[in-house]
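Visitor: Sequence:
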Amino acid sequence: MTKHNIICNENDIRVDKFISYSDIALSRTAAVNLIENGGVTVNGLEINKKYRLKAGDTVTVQIPDPVPYEAKAENIPLDIVFEDEYLLVVNKPKGMVVHPAAGNYSGTLVNALLYHCGSSLSGINGVMRPGIVHRIDKDTSGLLIVAKNDFSHTMLAKQIKEHSFTREYEAVVYGNLKNDEGTVDAPIGRNPNDRKKMCVISKNSKNAVTHYSVIERFKGYTHIKCRLETGRTHQIRVHMAYIGHPVSGDLVYGVKNEKVAFEGQCLHARKIGFIHPKTEKYMEFCSELPDYFLNFLNKLHNMSK
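End of the sequence shown = 305 in the numbering used here, gap-free, step of one.
Hints are computed from structural coordinates only; laboratory data are not their basis. Note that CB positions come from ideal geometry on N, CA and C, so glycine has one too. Heads up, some of the hints might be wrong.
Here are the computed lysine to aspartate or glutamate pairs in the EDC-like style, where the Cα-Cα straight-line distance is at most 20 Å [unchecked claim]: (1) K271 - D194; (2) K161 - E36; (3) K17 - E36; (4) K197 - E181.
DEER-style ranges, computed between Cβ atoms [said to hold, decoys possible]: (5) Q62 - P192: 20 to 30 Å; (6) M303 - P77: 28 to 38 Å; (7) S205 - G123: 52 to 62 Å.
Start from the sequences, fold in the hints, and give me the full structure.
Guide: Following this line, the structure appears as structure tokens:
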């Protein structure tokens, strides 16, 4: 059990909302669940989720220890682009979660990798994320690199940190970009109003840089290429929404009720490049645009005739 004591510094705020705004990083739903199960007290007394705090109140939050879980191998087909004894490059389909987490303990890329590779995966990220050097979102398709041992993991992670790791994406964004190319240099951190979302924010954030260029323009949409200089959570989605051109079909940061019937989030990790940890030779792989992406482009072509 982990115990947190937080002093409230404002008046008339609901306790569940206050907890979700704190540095504990709990969602409001998780805060409500704790309150209902007696895991939250105010000045030593149990309260309900609608309780409104006063400045100076001490809120005690007791978070139960996580239930131990180890990812299990599952016979799920993988689209392997490259593999040797040090690493593999996988083409992840849209809709597949990369590693197990609350609500997604099976059917993930990690479950499939454990079946394919057995014990030959790096252990640096623990039993829930074996081999995972970097991630892409559930609804983003495309290329992902997986380390088969700790040596490979360390060398690849170093390249990502030093920005020598090539990651290029293609996306369809809402609206017409003013310029044919540009750079979004804006720090990204947790959204203080919704801990499940990211946003451009100066406080408690990390620098984030995305370079983009226009591939093709359509009526109301633009097909672009994005190159990541950094790799923050939801980076492309947050940055494009920040400049007023969210990724088409993005249900979190996108435009509600898009007029065109889209095929879901239109974001694909098209290219990946890195120096092989053993041979020290540069390797680069490209992935063809998947059907959902091509179908949407065809709709836009027909609209723009």
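Visitor: Compare the structure with each hint and give your call.
Guide: Hint-by-hint comparison with the structure:
no.: 1; hint: K271 - D194; in the structure: violated (31 Å)
no.: 2; hint: K161 - E36; in the structure: violated (42 Å)
no.: 3; hint: K17 - E36; in the structure: holds (14 Å)
no.: 4; hint: K197 - E181; in the structure: violated (27 Å)
no.: 5; hint: Q62 - P192: 20 to 30 Å; in the structure: holds (23 Å)
no.: 6; hint: M303 - P77: 28 to 38 Å; in the structure: holds (34 Å)
no.: 7; hint: S205 - G123: 52 to 62 Å; in the structure: violated (30 Å)
The structure is inconsistent with the numbered hints 1, 2, 4 and 7, although it conforms to all the rest.
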